[in-house]
Every structure is written in structure tokens, then in C-alpha cells.
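Enquirer: Could you build the full structure based on these sequences and the hints that come with them?
6 protein chains.
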Amino acid sequence: MPVIEAHLLEGYSEDERQRLARALTDAACLVIPANPDAVTVMIREVPKANYMRGGKTRTPAPARSDPCDQIRAYLAAMEARNIGTARSMLAEGFVMNFPAAPGLRTLEELIAWAKPRYRFVKKAYDNFEAFQQGQATIIYATGTLYGEWPDGTAFENIRFIDRFEMSDGKITRQDVWNDMAETKANLARAHN
Amino acid sequence: MPVIEAHLLEGYSEDERQRLARALTDAACLVIPANPDAVTVMIREVPKANYMRGGKTRTPAPARSDPCDQIRAYLAAMEARNIGTARSMLAEGFVMNFPAAPGLRTLEELIAWAKPRYRFVKKAYDNFEAFQQGQATIIYATGTLYGEWPDGTAFENIRFIDRFEMSDGKITRQDVWNDMAETKANLARAHN
Amino acid sequence: MPVIEAHLLEGYSEDERQRLARALTDAACLVIPANPDAVTVMIREVPKANYMRGGKTRTPAPARSDPCDQIRAYLAAMEARNIGTARSMLAEGFVMNFPAAPGLRTLEELIAWAKPRYRFVKKAYDNFEAFQQGQATIIYATGTLYGEWPDGTAFENIRFIDRFEMSDGKITRQDVWNDMAETKANLARAHN
Amino acid sequence: MPVIEAHLLEGYSEDERQRLARALTDAACLVIPANPDAVTVMIREVPKANYMRGGKTRTPAPARSDPCDQIRAYLAAMEARNIGTARSMLAEGFVMNFPAAPGLRTLEELIAWAKPRYRFVKKAYDNFEAFQQGQATIIYATGTLYGEWPDGTAFENIRFIDRFEMSDGKITRQDVWNDMAETKANLARAHN
Amino acid sequence: MPVIEAHLLEGYSEDERQRLARALTDAACLVIPANPDAVTVMIREVPKANYMRGGKTRTPAPARSDPCDQIRAYLAAMEARNIGTARSMLAEGFVMNFPAAPGLRTLEELIAWAKPRYRFVKKAYDNFEAFQQGQATIIYATGTLYGEWPDGTAFENIRFIDRFEMSDGKITRQDVWNDMAETKANLARAHN
Amino acid sequence: MPVIEAHLLEGYSEDERQRLARALTDAACLVIPANPDAVTVMIREVPKANYMRGGKTRTPAPARSDPCDQIRAYLAAMEARNIGTARSMLAEGFVMNFPAAPGLRTLEELIAWAKPRYRFVKKAYDNFEAFQQGQATIIYATGTLYGEWPDGTAFENIRFIDRFEMSDGKITRQDVWNDMAETKANLARAHN
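Protein chains in written order, with UniProt numbering: chain H, 1 to 192; chain F, 1 to 192; chain P, 1 to 192; chain W, 1 to 192; chain Z, 1 to 192; chain L, 1 to 192.
Everything labelled a hint here was simulated from the structure, so no lab data went into it.
Just to be clear, a hint being listed does not mean it is correct.
Given that identical chains are not distinguished, each listed pair holds provided it fits within a single copy or across any two copies.
Below, a list of computed lysine-lysine pairs in the DSBU-like style, where the Cα atoms sit at most 30 Å apart [unchecked claim]: (1) Lys122 - Lys48; (2) Lys184 - Lys115; (3) Lys170 - Lys48; (4) Lys122 - Lys170.
Expert: If you want it as C-alpha cells, here you go:
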């Protein structure tokens, strides 16, 4: 217990059905601390011809892509400065909040803001997490930053966390926290 | 579509059943971008006497408390320096990672580490988020910090994000990011 | 076979559930010529707190009144010339088609049209039938007319059939056929 | 709500399953005034080998033909005076009730009765309706008649309604109403 | 797996429902060697008003008494020579087959047959087993006999097995095997 | 009623599913004396990819062989003195109880015990019955023995019943009752 049965229009791939089954398992365990072996999820695929809502047959909406994969692709495009690709993944009204730089609205603003702060920065990922809240998908990426300071010295192992919101398959918001200022303060102390 | 039916041992409160129904709705929407009005969740309560697993009746495990409420209580206890209360919520092997202070293992260590950094700090919460990943519950708290620097001047509106992992109802890990160093660097720049 | 399970929000009366069960049985038998003893209908009532559509609990819509009862009441009001009561049961845009009197739109028109045709007419009902077609409920009433011709002689046993359409609980259309003209022609032949 | 699941032996065509799904949708809406988009019907086909009643596997009974199609074919055969074809569709004990001609039992009687009334008559159909009541299928056909009076003058646009009862795939009863006498009376008045 | 759901008319006692759940669990395990903890049985009770077969509500048939209890009561009545009570539990056409005494039809015949064989015999039960086969319930009782030979010497520990068939709550057949003859032969050998 | 639905991982043969359906039918009838035509069993096969327990897909355990077939094979091997084959079907700790020979542990012991009792014995089977009790499968074989006494004279029509217990597909116990001693005693009486 619980035993969960999800009726689904036929047409989703095995991978999509398993993502659904895992998400339903996690949802059950969020509330019911059952022995994991006792949480059963069964997906029942209903052929299109055998399903009517309001007296009409329906076409299954294509499954969402894995949101972690989408964010991974966005961050890769940003790292590679493929601004066009990255921009195509953003929703109208997209907003970014970086440490001490709230309310950035365009990737160009972000790039201008970042310019004096480091020569380049890259992300080593530890973890991606995604979950749904009503209409929004929330994705967290955590890991460490590495790159070069403006003076060309290298840095690495600076913790970061990015929080994304997606809606209808587009990114609507990004919030970023990291230990860069902490690291710079430590460097400054070490120099003095 | 989808139509989700969850069979549950009788004994969960209305609030617990609704938390489950919402979590299952979110789980479905994470994968299937259905018109939200078309995502149906029905919970069927099975009386204890009408359910057997392995030929034996079973007792429903008490539902988990809302993990957001648990973290809220933990953070409140820490703010009030009710160390005993806070400690009772930690699992064996608990570890904390703060900016530039990885791997703290006891609340006493944390308090010692914090001492030279500020007279006090409090949290204004914007948002709590919780989801399950296998055996772990992940909780995020975001908001802003306010308090006093060691010299008694006030600060506020410093963004933070806390990530918690819980297992079996106990907190196993806390990761903290915030803009404190960024703020201090800005203050220092302003002073010079 | 078939075995039909209908999940319903809790709150419908026993009579309403049995009307539903009978309607579902009839629907199955319209297509599948199963041995009637093999057509099983089970209604499962889902408590309001155990049901969510789109992540929200829902309130069960009050069941429709039995449409045969509604038409019976309408016809009784008309017979008793309770025009106000009868009119309150009509939808905006209501239209009546009587033999040789198509397109009447108000009860007053109908009464005026009927005046020279008989002193009064009443209905002895044989049968009421109702079924649904998409958004419309169709009701048939059959039986015989009795009353008095303008000259005061009585008539009876004149077959009639009334077809009604209802939508959202209001009558949108009435079509009437009967053997009155046939009867009068026969009377005329008999007199000559 | 409601969510209706019909378990059916495998073997029915897509058209038959959709007729069933529509009939079940209509049945639900006859009683529950749900938002039509909220009425879900799912048909689950059970392979013959996976179904037992009384410990025995069962063979699915062939679906009934669409009763509207059957009546259409009967009326076409009658119009074309294919008496043999029409008669093959009648049940033992079949009875017809025409205006002023109740209780006709054979097609020959009907033809004899009609002979002095018109040279020929044909039907222009507006609508066919079918529904089930216990063991009987009820079918209504409405539309207008056109043809020639005995004197060869044409008539048209005379409203009619035919009610049929079928049982076990055969027609057991036909009741006919129309405005023919009304029309003739009007013609007579116009001539005088 | 398997997950078994049994829909039952409301009205069976908790004990009856648990006997059913256990019997269904055993039935599943007879064919599927699942981890017992993975065999789930859920009984869903359908209120009488929510169930129709063939368009008619049905009254739940009273559950069968536990057949082991019935056989226990029959054997107790026989041991106590309450012939009336015992006889009331027998179906028309009842037949008994004892070692070397096939085809006994009445309890009186049995008593007469037993008379020269022992002064009295009683049963110490090890085990009762019951299962269904189509319309018949099969019950096995095993254990040991004790009592006195005609000469008054005592015997004990003689293995027996009784097989019963019941139908419609009555015993239709009893077959008995035991080691009495073996024991007597051993006694005789010992005496010689 | 009852209506039983068994959800099963896809992969069982038609014969295995029908054995399951029959066993579930019998289980229901053991408790509920329903009109057999009203006991419905539906097996729903869930594709492996559509089923998760504890968040993991599972592989269906191969069905048990028909236990009656297994016992038949064991008894045939014993009759043919294919000791190796027979022994391979026995579980560790196997024990046999024969009339006046309790607690035999090896087939060799059994053969030695039988040697002075008859030249050979064979079984004519009337009936095999199998049912499950928790982890154990119980099988009964009944019929008659025929063969030759040590002196070469033939015997036949001696009733026997064998009870077997199996666990995990191996025979753990055999209990045997028969009328051999009774028959020999009768023969002796006849000779004297």
C-alpha cells in the first residue's frame, strides 16, 4: 500500500511511462512512509479509440521532455555562448536573479554583468533535481564553478546552486546563488 | 487523462489525503502536459479488514508530517537557539555545508563558526518546496536574511537558499547558500 | 460482460444513483446484446476530499431531476392553464411545432391557436421516455387526448405523441403530432 | 466526474466500442449535469482467455447493428415495396398503429389500407434517434412526407414521426403519427 | 504482483471478508510463486444501492459457514451419537465409503457396521483443510483415532483421514481411510 | 458478484492465466455461494514496463507447474523405480508416513519397507486435487492399488489416498493411507 493505477492514453514511450511511474512512486512516498517494496504503480494504457472525454476521442499530448535534460542543454548553450540557442529556450517575461544582480532580463545583460567578474566560468554538476508545482516545473542544479578570474588566475570548487522555473516547456525564471564573493573575500584576506 | 486511482489503507486524515492527491497531480503533470482540468486523482480508502498483503492484514503507517512544516520548525528552533529541540530533529550522521564552511557536524560547531560573522541573523521566508527522491525527502527554503553585523549595524534583504535532505523523518543534511559575502564586499567597496 | 464501473462524487441520492445505474445498463445493452444477467454496473462513490481534478477538489453538481417528471409537471401546468408555472420551465428561444402550426414561440400564441379548435383538451398518458443526446435531453410522451370540441361534444382516445428537448434543465423545444384532424375528418364523413 | 470504465470482452470493432462509449457518456449526462469535458469513459478490452464467468471462458456476443441503420433499411425496403426484405426484419407478433388504423399485423394489410389514401408516399428524414429500455430498443424517425394524392397532385412537407420497438434485432412494433389529415383538411378548406 | 481486487456486495462480516481475502491469496499463490509480501488482495464492498446486474439490484447471498467448522460439528455430533443433528447436515443422496465398507447410505448402517469393530472410537484432530472445486467444497480432516476394541482394551494413535464433499451447505459424501486394520494385524502378530 | 480483477505482470501463458482464473473462481465460491454465472474473474496483464514496485520494474516469476502434474510425474517415477528422477523432486528434509511406517526419510527406506509386503504395486488414479495453504501447496491423489502379493497372487481395487505437501516446487512430505491391511485381513479370514 499504496497501490496506484494511472490510466494513460496509449502513445507514450517506455521511457516516458517509467518517468511517470517513478514520479508517482515519489509522490506517494512524500506522504506515506510505506515500505518502498509495498508501493505499487501500474500504468494502464488506454487505446485512443477506447477513451472519450465529453463524448469525444482525444489525442495524447506529447510528453514533456525531461526538464533536467532541458536545463542541462540551456546551461551548455550558455557556457558555449550559443546565445541564440539559449534564448530560444526562454519564455516571454524571463527574469534572472544573480548574486547582487537581481532582475536581469536578457542574456546580453547577464553577459555584460559577468564580464568584469571573471574571464570565464564553467560548471561541474553534482546533481539535477526536478519536480512539479501546479503549472510550474522547478529544476535545481547544484555543483561547483571553475574558471579564471579577470587576472587570469584559475579558480575551482566554488559551490553554486541554480533554481529554474519552467512553464509550457520554456524557462520563465532563473535564480543563482554561489560562493564566489566568499571565495574572493578569502583570497583578499590571504593576499593582505 | 491521466486518471489516477490510489488505493490507500483507511486511516489517513483528510489533509493527508489531499497532500497525496496534490502530489500525485504534480507527478502526473511533471511528465504529461495535460490540460490541468483533465488530470483526475481519486483516492480509494480500503478498510484495514479488507486489505491483505501476503495473506496478512496490515496497519497503515502514520503519514509523514508535512516536510516543509518540519523544516520551518527546525529553522525556528535554531533562530531561537533552542538547540535541544533542533538537535532532536537531526539524524545520526547529519552534516551541514555553509558558504566556506563545509562539513560542519554539530550545531555547536555551526554556532561557533557563525559567531564572528554576525551578532544575529534571522530569515524572512519567501518559499518552501518539498519533493521526494527515492528514500529521501528534499526541502528547499528560500528568502532573505536580516540581522546585525558584529559592529551592530543592521543588514537585510540578503538572499539565501537552504537545501535539506530528510530520511525517516529526520534531517540528514543541510546545504546553505547566500549573498552575505557579496553584500559585505559591496559594503567594503562603499566604505573605501 | 460488460462490467461497468462508474466513479461518482459522493452526494447523490440512492434514487439518483439507481437512475444512473439503469441508464448505464441500457447504454450497454444498446450496443452489446449480452444476457441481461451478465451486465454488471457498479457505482463507486468518491468522497469529495478524495477527488481532485486539476489539483482542486470539486463539488458535485446537483443531479438533474428526472426529465420525465419535469415534462409531466409542465404538461400538468399547461392543462391547468398555470401559464406562469409552465413558462418558468421554458428556455430562452423555446419553440413549439403543432400540427399545421409550426414555429409558435409563446404559450399565449399556442392558447390563441387552440381556442377555435376545442373547448378543452386533456391528456391520458401511456408512456414517458427520456434519453440523452450530447447536451440535449429528449423526452417523448405518448397517450391519448380527450376533451370537448367547440360545439361541446366530447372526444376521446385520440392518439398523440409529444417530443421535448431540454437543455440545462429547461425546455427548448416541443413537437406535437396527433390524430385530431384524422378524427375530425372521420366525424365529418360520418355526418355527411 | 463521472469516470466510467467499461470492461468488455475483446472482439468488438472500433466503431462498436465508440458507439458504446458515446452511449455511456449520454447515460451519465442524463443524470449528472457534469461539464461535458469532465465525463470520462474508458473501455477496457479483456482478452477472451483472461475472462471467466462461473469458471468458464465466454465468447463475446456480436454487437447489435446500429438500430437507426436497421430502421433506415426497413423503411427503404418498404418504400421500394421490397416486401420480402422488409418482412424478414419483423419479429413474430409485429404490430403497426397508423393514424386511424390501429392494430395492423401484416405489411399486406398496411399496403391495402394505404392504397386509397395516396398514390405513393416517400419520407425525407430529419432525424433518427435510438435508445434502450430494458430488453427493448426504441427508435424514432422524424421528417416530412412527400408523394401524390390519389388524384395525382403532389404533396410535400407533411410532418411525420415513426416510433419503432426492436427486440433481439427484430422489429416488434411500429407507431406512426403524421399531419396528413390536417393537410387534407386544409386542402379541403382551401377548395371550398 | 499479483494485485487482486474483489468487488463484493456490502453485507459480509469482517470474518467472512478475511476468509475470502485469504482464499484469494492462496489461489494466487497456487499459480504464481510471488514473494508472499507482494500478493495484495483488496476487497471493495459495493453498497446494495450501487450495484445492478441486468438492471436490477441484488441481495447478497449469505456467506457459507466455514466448511471446516461445519465438518467439525458433524463429526462431534456423530461422536456424541446425536444422529438427528448429524443427519440434518447431510444432503439427499449422501454416501459414505469406509475401509471395506463402501457405499453406506445411512448413519444407522454405519453404526451397525461399526458395532462389532470397536466399543467406541474418538478422533484427535491434527488438521482441517477446505477448498472449492467448481460447485463442490472439499474438506479433509486428519488426525488419530483412539477408543476401545470390542474386548475393552484401549487403542490410540491410529492415523485417519476423512474426505468430505459438500454442496449447497450439505454433506454429500464422506470417504474414510485409516490404519485400523494395520494396527489390528500388528496386534494379532504380537499376540501370536 | 463477486467481480474479481487480478493484475498480473505480462508473461504468463494462456494456460497459466486460466489456472489462475479458475483458482480465483473457486476461492470466491468457497466463501460466497453466488450463482456461479455471477462470479466474474478478469485478469489484467500489465506490461513489465508499466509496473513498478518500490520504484523498480520487476520480472515476473515463472508460474508454478501444475502441482497435480508434478505429483503424477513423481508417482510415475516411483512406480518405474526411477529413483534418481523421483529423488530430484524432493525437498531437503522430505518425510513419508505410510501405514505403520511413519517417518521414512529416503526412497531407499521406503523400498526396503515395501519389499516384504508386495511384489509390486501400481496405482489407478481416480482423482487429483491441489490447493494452496500459505506457503505450502497441498495435493491429494486418490484411487485404487493393484499388484501382486509376495506369493504372486494378484490384488486390485484397494482404495488409497496420498497427501503431498510441496514448497518452492519440491515435495516436502507424503502421507499415505490405504486399505491394504483391511484387504489382507479379509483374505486371511476367507482362508481360515
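Enquirer: Quick one: which hint numbers does this structure break? Sort them smallest to largest.
Expert: 1
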